[in-house]
Amino acid sequence: MELLVQTMVNGIIQSGFYALAAVGLVLIFGVMKVVNFAHGELTMVGAYSVWFLHAQNDMPFLLTVVTAVVLVAMIGLLMERFLFRPMTDSPLGGLICSIGVLFVLQVAATLVGGEGPSKQVPPPYEGTLVLFDMLRIPYQRLFSFAVAATTLGLLWYFLTRMRIGWALRAVAQDREAASLQGINSNRMSMIAMGVGAAMAGLAGALMAPLTNINPHMGHNVIITAFIVTIVGGVGSLPGAVIASVLYALFHTFVTTYFSGTIATISGLVIMVLILIVRPSGILGKRVTE
Amino acid sequence: MKLSVSNLEVSYNKVSALRGISFEVDSGDFVTLIGSNGAGKSTTLRTISGLVKPSGGEITLDGARIDNLDPDVIVQKRIGHVPEGRRIFKDLSVSENLMLGAYIHRDRNTVEKTIKQVFEHFPRLHDRRNQQAGTMSGGEQQMLAIGRALMSRPKILLLDEPSLGLAPIIVKEIGEFLSELNSQGVTVILVEQNADLALQLARFGYVLETGLIAMADRAANLADNEHVKKAYLGI
Ligand SMILES: Nc1ncnc2c1ncn2[C@@H]1O[C@H](COP(=O)(O)OP(=O)(O)OP(=O)(O)O)[C@@H](O)[C@H]1O
Ligand SMILES: [Mg+2]
Numbered sequence: 001m002e003l004l005v006q007t008m009v010n011g012i013i014q015s016g017f018y019a020l021a022a023v024g025l026v027l028i029f030g031v032m033k034v035v036n037f038a039h040g041e042l043t044m045v046g047a048y049s050v051w052f053l054h055a056q057n058d059m060p061f062l063l064t065v066v067t068a069v070v071l072v073a074m075i076g077l078l079m080e081r082f083l084f085r086p087m088t089d090s091p092l093g094g095l096i097c098s099i100g101v102l103f104v105l106q107v108a109a110t111l112v113g114g115e116g117p118s119k120q121v122p123p124p125y126e127g128t129l130v131l132f133d134m135l136r137i138p139y140q141r142l143f144s145f146a147v148a149a150t151t152l153g154l155l156w157y158f159l160t161r162m163r164i165g166w167a168l169r170a171v172a173q174d175r176e177a178a179s180l181q182g183i184n185s186n187r188m189s190m191i192a193m194g195v196g197a198a199m200a201g202l203a204g205a206l207m208a209p210l211t212n213i214n215p216h217m218g219h220n221v222i223i224t225a226f227i228v229t230i231v232g233g234v235g236s237l238p239g240a241v242i243a244s245v246l247y248a249l250f251h252t253f254v255t256t257y258f259s260g261t262i263a264t265i266s267g268l269v270i271m272v273l274i275l276i277v278r279p280s281g282i283l284g285k286r287v288t289e
Numbered sequence: 001m002k003l004s005v006s007n008l009e010v011s012y013n014k015v016s017a018l019r020g021i022s023f024e025v026d027s028g029d030f031v032t033l034i035g036s037n038g039a040g041k042s043t044t045l046r047t048i049s050g051l052v053k054p055s056g057g058e059i060t061l062d063g064a065r066i067d068n069l070d071p072d073v074i075v076q077k078r079i080g081h082v083p084e085g086r087r088i089f090k091d092l093s094v095s096e097n098l099m100l101g102a103y104i105h106r107d108r109n110t111v112e113k114t115i116k117q118v119f120e121h122f123p124r125l126h127d128r129r130n131q132q133a134g135t136m137s138g139g140e141q142q143m144l145a146i147g148r149a150l151m152s153r154p155k156i157l158l159l160d161e162p163s164l165g166l167a168p169i170i171v172k173e174i175g176e177f178l179s180e181l182n183s184q185g186v187t188v189i190l191v192e193q194n195a196d197l198a199l200q201l202a203r204f205g206y207v208l209e210t211g212l213i214a215m216a217d218r219a220a221n222l223a224d225n226e227h228v229k230k231a232y233l234g235i
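Chain order of the listed sequences is W and E. Numbering-wise, the first sequence is residues 1 to 289 according to my numbering. Numbering-wise, the second sequence is residues 1 to 235 according to my numbering.
Simulated from the structure, these hints should not be mistaken for lab results. Values in this document were obtained by computation on a predicted structure and should not be read as measured data. One or more hints might be untrue.
Stated by the list, open to error - Coverage of chain W stretches by chain E, computed from C-beta distances (three or more under 8 Å per stretch; other residues unrestricted):
hint, stretch
1, 159-168
2, 176-190
As the list claims (entries may be wrong) - Selected chain E positions facing chain W (Cβ under 7 Å, derived; list incomplete):
hint, residue
3, LEU51
4, HIS81
5, GLU96
6, LEU100
7, MET136
8, GLY165
9, LEU166
Where a beta carbon is used, it is the ideal one built from N, C-alpha and C, also for glycine.
Starting from the given sequences, assemble the full structure and let the hints guide the process.
In structure tokens form, the structure reads like this:
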């Protein structure tokens, strides 16, 4: 019973990262119709920034998180302006460019951090919250989860209550019709890419003290983000969030009771099954036309 | 505002859709473009609103060229476009759709005043303002598409087959609304396959045939013309 509840709580906390990464991916795909294969590497850059600035150079943790977010958002903006925008009419072109960025960022990380064993960042928040004498939640995890949940809440507000949020959703649904309303779709692409990348950077920065940091850590992130996106329904932001929570619970349970590898493999199997049974995902719209 | 189109040519991947058409629309006019499938009606409207770039000729508004501008800039020149197939934002609510129609207006009072006017014209949109737009009937969606275009307070309104697929009673309602709008001073350019309706509403008409203007005359004269009757009115 104790283990069960503890695993559940761990799963929910884990879902914060997954949701941050997946929602960014969905936002970028929705508005720009580009699958950003470098999304995991954007997360990796976020984690590396924290390792380099905080663990290596003693910059205060919170400041490095902010720096990581800004840095990764800038990389995202550059990708939009110089790769995705010229490729607007060719989704495959955008995808190939993003794979190029993936390799470039991995090499850059190796140059900065060197090869060798994965890096660790000592958790800046020590101690553990103990609830009811049985639930143990390290403060570091609690902090990461709170930041992730708040960010998702803000994004929700932005997309449903603000004019620019409506405009983003309009561009995602019909770029041409949006431009007829006076919405500059290139500007919306920049916003989507900036916000999506910033969220990936934030996920990486928050993850940094809790995970092994290496140039290839993006793989796990992108696999997870893909699973979550497909389970939740391509293009559905609420779907991505719900799927993140479900997948994180599932992954954590399987990891706890079996192993991480089995968890990831069975996640992929579920994704394939969902693709076969219900290609539109849990909350995705049925594909029309 | 005077809109002039001169020698306009458009081609899609080297296949030409418009082969040099010219016409002028003065402030307060109500003109219609009729023609059969693929004649180039939509292409004409889409080029005016900047969705398609011409390969020749020019479009001017009060003498200034607008054919090189992007659609989001052309709306700001007060040209509204109700596109073929409505193209409303189906996942957004009715009022979110309307608010996006007013995207170019930052002044709250203007937007509130305009949305009130739209709701007065189309009370059904008001009843359904919180409903997801895609769940409404075809007629309601067309009203929303028109309402959304009105939210930008256009001086020139382009409409692409607003009657398509709608029940006759709703077509009539929309027709009456367009006449009323025009009497309030909005210039209307109506594209229709339903030539009957279009020639009743408009004062002047153009017949488009394979990318060229085949006839241009007062709407009443076109409605009496033997060729038009045979080819477009099904009489
Ligand atoms: N995006 C496009 N790509 C290629 N060809 C196109 C495109 N849009 C239109 N065309 C072609 O251009 C010509 C004019 O098309 P347009 O849509 O302007 O006709 P239309 O008069 O509006 O017809 P309809 O009554 O069917 O709407 C047609 O031959 C059409 O096949
Ligand atoms: Mg057409």
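Ascending list of hint numbers which this structure does not respect: Hints 7, 8 and 9 contradicted; others consistent.
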